[in-house]
Structure formats: structure tokens, C-alpha cells
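Chains as they are written, first to last, in our numbering: chain S, 568 to 910; chain X, 593 to 694.
It should be emphasised that the hints constitute simulated quantities derived from the structure, not laboratory data.
All the given hints hold, so there is nothing to weed out.
Below 20 Å or equal to it, Euclidean Cα-Cα: the simulated PhoX-like pairs (lysine-lysine) are:
1) S:820 with S:639
2) S:820 with S:642
3) S:810 with X:680
4) S:625 with X:611
5) S:810 with X:630
Where chain X lies over chain S, by a calculated footprint (3+ residues, C-beta under 8 Å):
6) 619-629
7) 744-754
8) 800-811
As the structure is a prediction and not an experimental result, all values here were calculated from the model.
All C-beta atoms, glycine included, are put in the ideal place defined by N, C-alpha and C.
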Amino acid sequence: MSNLIKSSSTSGPTKKASYTVPLPLLLSPSLLSRFLSYFTPFTIFSSTRKIKGKYDEKAQAVIISNREDMEKLWKEGFFGKGSLSRSEPTWFWRNSNKNKGEGKGKQKLAAEQVTEQRRLVRKRNKKGRVQNVGNVQQVVREEAEIVRMQEKERDEQTIEQTLTQEEENVLLEDIEKLILTTQEAFFLCYGLGILDIYDSQDCLLSVEESWKSFQITSNGFIMKYVVYHYFRSLGWVVRCGMKFGVDYVLYEKGPVFKHAEYAVIILPVHISQNSDNDVDFRNNCMASWSWMMNLNRVCVQSLVLCYVIIPPSIITSPTITECIKEYKVQQVLIKRCIPSKLK
Amino acid sequence: MRMMNAISVLDHITPFCEKYPQTAACLSQVYLDLTKAKTWKEVEVVEIEPLQSITLFFSSLQSFLNKPLYKSVTLAITFPDSTVVYYKVHEGIVPPTNNCVG
Chain S
568 MSNLIKSSST SGPTKKASYT VPLPLLLSPS LLSRFLSYFT PFTIFSSTRK
618 IKGKYDEKAQ AVIISNREDM EKLWKEGFFG KGSLSRSEPT WFWRNSNKNK
668 GEGKGKQKLA AEQVTEQRRL VRKRNKKGRV QNVGNVQQVV REEAEIVRMQ
718 EKERDEQTIE QTLTQEEENV LLEDIEKLIL TTQEAFFLCY GLGILDIYDS
768 QDCLLSVEES WKSFQITSNG FIMKYVVYHY FRSLGWVVRC GMKFGVDYVL
818 YEKGPVFKHA EYAVIILPVH ISQNSDNDVD FRNNCMASWS WMMNLNRVCV
868 QSLVLCYVII PPSIITSPTI TECIKEYKVQ QVLIKRCIPS KLK
Chain X
593 MRMMNAISVL DHITPFCEKY PQTAACLSQV YLDLTKAKTW KEVEVVEIEP
643 LQSITLFFSS LQSFLNKPLY KSVTLAITFP DSTVVYYKVH EGIVPPTNNC
693 VG
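All chains should be modelled from the sequences, with the hints used to inform the complete structure.
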């Protein structure tokens with residue numbers, strides 16, 4: 568119910584200029600800033616309240632339900648994905664009646680709406696091109712037809728809108744959540760210390776408990792986490808690479824600014840034979856040249872093969888930091904080049 | 593005025609989730625994506641015997657498509673962060689359609 572009240576003030580997709588903070592870090596107030604805060608009307612340190620996330624074992628994901636937290640995690644580092652959106656959780660904003668339909672003028676557009684508009688324009692251009700064979704009279708006739716089609720589309724849209732409003736007459740509740748992968752959640756919890764992970768019974772999981780829990784359900788969790796943590800600490804925005812056929816994609820500033828710079832594939836290197844649950848991950852990886860060339864063609868980004876050197880079986884119950892330190896990461900960059908262009 | 597929430601939305605597929613507990617998370621994820629995000633109005637679950645093993649092999653998909661009843665299958669591949677990627681699998685080569693695929 569509280570989500571319903573909060574979501575009525577959803578501001579919609581974030582403006583590019585609002586992405587000012589690279590990571591959702593809490594800055595503890597120094598003495599000087601505390602002194603200054605007496606004179607300035609605003610506080611410069613954010614609250615110390617931790618974000619609450621719920622771990623769903625079956626889905627292997629941590630779910631954020633609070634609208635403010637969802638927006639904060641997206642705005643400050645592009646963490647997570649809206650469960651009903653392509654990236655930023657804008658489902659409620661896009662579907663509330665006043666924001667439906669094509670954008671007029673300066674209206675804000677979410678990523679999905681931008682794509683929709685682009686597709687409509689392409690479709691019209693395509694119709695125009697296909698029909699542009701023939702003489703001028705025919706062209707004029709067809710252009711008139713296109714205009715008629717456009718008007719028909721617009722009419723259909725408005726009819727559809729009124730129909731859906733009438734037939735459903737539903738008070739739209741914001742059922743969208745922000746979904747974090749186990750790696751993202753663990754980074755926020757262990758690396759940055761701003762997330763509290765609760766299990767399905769609403770019990771708070773300690774960092775160690777989360778560490779163990781994530782390893783059981785996710786295959787190759789430690790390996791994937793080590794790579795995630797590595798690139799995040801270098802300042803890259805690390806996102807899921809499934810749409811590109813890779814493990815991760817790296818953005819310099821974020822997905823809203825530019826296309827991804829690099830596509831990362833994780834390849835395990837076992838030093839010694841040890842029987843832990845990471846053995847199945849990518850063991851059958853056909854690290855052959857033909858596989859790599861296939862992938863390079865599909866991916867527009869430069870391919871980074873990230874080798875994770877897995878240490879031999881470690882001593883009983885080391886701390887998480889010690890465990891992570893044992894893993895080594897090496898990268899190889901693959902980029903196709905054409906010899907004649909190199910001259 | 594009806595109040596719609598996530599629990600009532602999934603009512604439609606609850607019996608299937610209980611019947612197939614291992615894939616319940618995937619099923620609800622794809623169902624939510626199709627009905628809410630992509631706004632398909634009528635989505636029904638159809639149980640197909642030969643494709644119900646835990647790991648789907650292309651051979652079983654191929655033998656399924658060989659039957660004259662079904663021409664193509666759309667695979668919905670899910671990822672834990674709720675990304676769903678759809679792939680259309682046809683039997684044999686089909687000419688391209690003029691609809692924008694991208």
C-alpha cells in the first residue's frame with residue numbers, strides 16, 4: 568500500500584544531468600563539515616539508513632521494493648534492473664495514462680519510448696521507400712496514403728487508450744521492483760556496506776551468511792563476483808551481458824550515455840584439481856579460435872577475455888576478504904583489425 | 593475499481609508454478625514480462641510433453657517442430673536479473689518477414 572502512495576509522485580525517467588554520483592557511498596561527516604552544517608541550510612551527508620533487499624533463492628536475485636531505494640540504486644551507479652522495464656524501473660511512469668502515447672515536444676521519454684518512436688519512424692520510412700518505385704503521381708498518391716495511415720494509427724491509439732481505460736478502470740499499482748543479481752547485491756552489501764539482505768523469512772543475513780548462501784545457489788558465484796568487484800573498483804559500470812552473449816559489459820559512465828566499451832567473458836583457470844562447486848562453470852568452454860571469432864563478430868564491443876585464476880583448495884573458513892584475495896584476475900583484449908587499414 | 597497487485601496478477605499461473613516448482617521462478621518471470629511489460633492481453637500456459645525435461649536439447653526441439661502442427665517456437669531465455677531474451681526457432685529456412693524484428 569505504501570508503494571501506491573509513493574509511486575504517484577514518480578518523477579519518471581532520470582534526466583542525464585541527474586547522474587552525478589558514481590556510487591551510492593555514504594560519506595560520514597567530518598568535524599569540519601559538521602561545523603559548516605550549522606551555517607549552511609542543507610546537509611551534505613546522506614542518511615545512514617541501509618537499503619533493505621530481499622533474497623529470493625529460487626530466482627537467485629535480491630529484490631528491492633522501496634521506490635526511493637530503487638531510484639537511488641539506479642541513479643548512483645546503475646545497479647539492478649527494473650523487473651518490468653528494460654533497465655531503469657520506469658514501468659509505472661510509462662503506463663500511467665498521462666504518459667502513454669507518442670511524445671509531444673519536450674515531454675520526457677523513457678528508453679523504451681525512445682525505441683518505440685524510432686521503430687515507428689523506421690516503419691514509415693520503409694513503407695515510403697517500398698512504395699517509391701514508380702512515377703511521381705504514384706509517389707504523391709502513396710504519400711497521401713501514408714498520411715492517412717498515420718492518422719489512422721493515431722486514431723487507433725486513442726481508441727485503444729479509451730478502451731483500455733474503460734474496460735480496465737484499474738487503479739494502477741506500482742508492482743515493479745528492482746532486481747539485483749547476487750553479485751551486485753553482494754558488492755553493495757560487502758563492498759560498499761549500504762545494503763542489508765534479508766531472507767524469505769525476513770531474517771537479516773550477515774555478510775558471511777550471504778556469501779555462503781549465494782555460493783550454494785549460483786554456479787560459479789565467487790568467480791563472477793571477483794570479476795564484478797574488480798571492474799567496479801576500477802570505476803567501470805558493470806552490467807549484465809546476456810543480451811550480447813557475454814558475461815558482463817563495461818560502461819565508462821553508464822548505459823544511458825554511451826554504448827558499452829567492453830564485453831567481458833569469464834574464463835576459469837584452475838591451478839590444481841579441486842572439487843568445489845565452481846568446477847562446472849565454463850569447464851566445457853570451447854576456448855577455441857572459431858568460438859572466439861564467432862563471438863567477436865556478434866559483439867560490437869571489444870572483447871575482453873577475463874581469466875580468473877582460481878586458487879587451490881583454501882584452508883578452512885578464511886574470511887571473505889582473504890578468500891577473494893587468493894583469486895587473481897588477468898585480462899586479454901581481443902580486437903579485430905584489418906591489415907590494410909593498419910598502414 | 594479493481595486494485596491490481598503482483599499477487600493477483602500471478603494467480604493465473606499459480607497451479608503451474610506448484611506443478612513445476614523447479615521452473616516456477618522462470619515461469620512467473622516470463623509471464624510477468626509478457627503480460628505487464630509487453631502488455632500481451634491473453635497469455636495461456638500450454639504444457640508440451642516432449643519439451644519438459646530440465647535441460648532442453650535442440651534435438652528434442654527439432655523433433656517437436658517436425659510434427660506438422662507447430663511451425664515455430666519462441667524461446668524465452670531468462671536471467672536472474674529479470675532480463676528475458678526471446679528467440680524464434682523455425683523448422684528449416686523461412687523467408688524474412690517485412691516486420692521490423694529489431
